[in-house]
Amino acid sequence: MLETIGPDAVFQRGQNDHLVVVFSSLATIFTGQYEGMALLRNRPEHVLYLREPVALAFHTGLTGLTTTIPETVEFLNYFAQSIGATRRSHMGASSGGYAAILYGLLCRVDDVFAVNPATFVSEGVQTRLSCPPREHFPLSAFRDHYDRTGQPLAHGDLSDELRERAGAVKVIGVHYAANDETDRINACHLTGCPDTFTIAHNSDQHVLLTFALAEQGVLNHHLVTPLDQLRSDYRALADQQAPA
1 MLETIGPDAV FQRGQNDHLV VVFSSLATIF TGQYEGMALL RNRPEHVLYL REPVALAFHT
61 GLTGLTTTIP ETVEFLNYFA QSIGATRRSH MGASSGGYAA ILYGLLCRVD DVFAVNPATF
121 VSEGVQTRLS CPPREHFPLS AFRDHYDRTG QPLAHGDLSD ELRERAGAVK VIGVHYAAND
181 ETDRINACHL TGCPDTFTIA HNSDQHVLLT FALAEQGVLN HHLVTPLDQL RSDYRALADQ
241 QAPA
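In full-length UniProt numbering, the protein residues as written are 1 to 244.
Heads up, some of the hints might be wrong.
Said to hold, decoys possible - Derived Cβ-Cβ restraints for the label pairs, each shown as a range:
no., residue 1, residue 2, range
1, 147, 71, 14 to 24 Å
2, 154, 83, 34 to 44 Å
3, 242, 108, 21 to 31 Å
4, 228, 140, 41 to 51 Å
5, 163, 140, 23 to 33 Å
6, 235, 144, 38 to 48 Å
7, 170, 147, 12 to 22 Å
8, 217, 128, 29 to 39 Å
9, 29, 86, 28 to 38 Å
10, 17, 204, 34 to 44 Å
11, 191, 214, 16 to 26 Å
12, 64, 241, 41 to 51 Å
Hints listed in this document are in silico derivations from the structure and should not be mistaken for laboratory results. A virtual CB, placed ideally from N, CA and C, is assigned to each residue, including glycine.
Working from the sequences, and respecting the hints, build out all of it.
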């Protein structure tokens, strides 16, 4: 049974002390659905599902609960503490993957499972990487938002965030569709960052890769494997894929 936490947040109570926070992508703006429910409905972990009404990768907080990134960090930490979570995982795809990584670093969670994540919200980084834009995710929206607040763009580049906060998260698994140019460029942008393992999949599916990974047992392996072993498994897979 789902418990309503806020207008865009619901909680699925589990049977153990592991909390998974799922950050929905901008697709939920059009569907109104929380991402991940079909994949996590019968799992033993506690699951907090989050969505947002605008395509700003949770830079404007959680509807009715928080309005800024620092407030959201405080809320997520409080929520995890309130249910006695001893392992904290963040999960998301596309813009939700960006949020899962960013808030994972800021909250210092244990691990992150990201699929085809956006890795920057800065137009300058997009130009520098020659990365094709993703439809319905205009980076100008971030510039406009921060212009309205009178503040400089925050957290524009996840590669910088990962290097500045090395060790904040024990394991960050970044799974990407190797045959999608935008996803490949985004993932390669994070390759070599601390605690981050970029894993290529023979796919061109930006949206559907998460479902494929769930069917293949990849998601389950990430969630049930102890952290030290999980890090070792990711390292072995990343080394196996590395060019000779």
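Quiz prompt | residue 147 paired with residue 71, Cβ distance criterion 14 to 24 Å | solution = 21 Å, holds
Self-check item: Whether the CB-CB distance between residue 228 and residue 140 falls inside 41 to 51 Å
Solution: Hint holds: Cβ distance 42 Å, inside 41 to 51 Å.
Quiz item: Taking the beta carbons of residue 17 and residue 204, is their distance inside 34 to 44 Å?
Solution: 38 Å, holds
Practice problem: Note whether the CB distance of residue 64 and residue 241 lies within 41 to 51 Å or breaks it. | Solution: For residue 64 and residue 241 the Cβ distance comes to about 42 Å; the hint holds.
Quiz item: Within 16 to 26 Å or not, the Cβ separation of residue 191 and residue 214?
Solution: Holds, since residue 191 and residue 214 (Cβ atoms, about 24 Å apart) stay within the stated range.
Practice problem: Take the C-beta atom of residue 235 and the C-beta atom of residue 144, compute their distance, and say whether it sits inside 38 to 48 Å. | Solution: 40 Å, holds
Quiz item: Do residue 170 and residue 147 keep their Cβ atoms within the hinted range of 12 to 22 Å?
Solution: With Cβ atoms ~36 Å apart, the hint is violated.
Quiz item: Taking the beta carbons of residue 242 and residue 108, is their distance inside 21 to 31 Å?
Solution: 28 Å, holds
Exercise. For residue 29 and residue 86, compare the CB-CB distance with the range 28 to 38 Å and indicate the outcome.
Key: 33 Å, holds
Quiz item: Between residue 154 and residue 83, does the C-beta distance stay in 34 to 44 Å?
Solution: Distance hint for residue 154, residue 83 is violated at roughly 28 Å.
Quiz item: That 29 to 39 Å hint for residue 217 and residue 128 (C-beta), does it hold up?
Solution: 37 Å, holds
Quiz item: Could one say that the CB atoms of residue 163 and residue 140 fall in the range 23 to 33 Å?
Solution: Roughly 26 Å apart at Cβ, these two residues keep to the hinted range, so it holds.
In summary, the structure is inconsistent with hints 2, 7 from the numbered list given earlier, while agreeing with the others.
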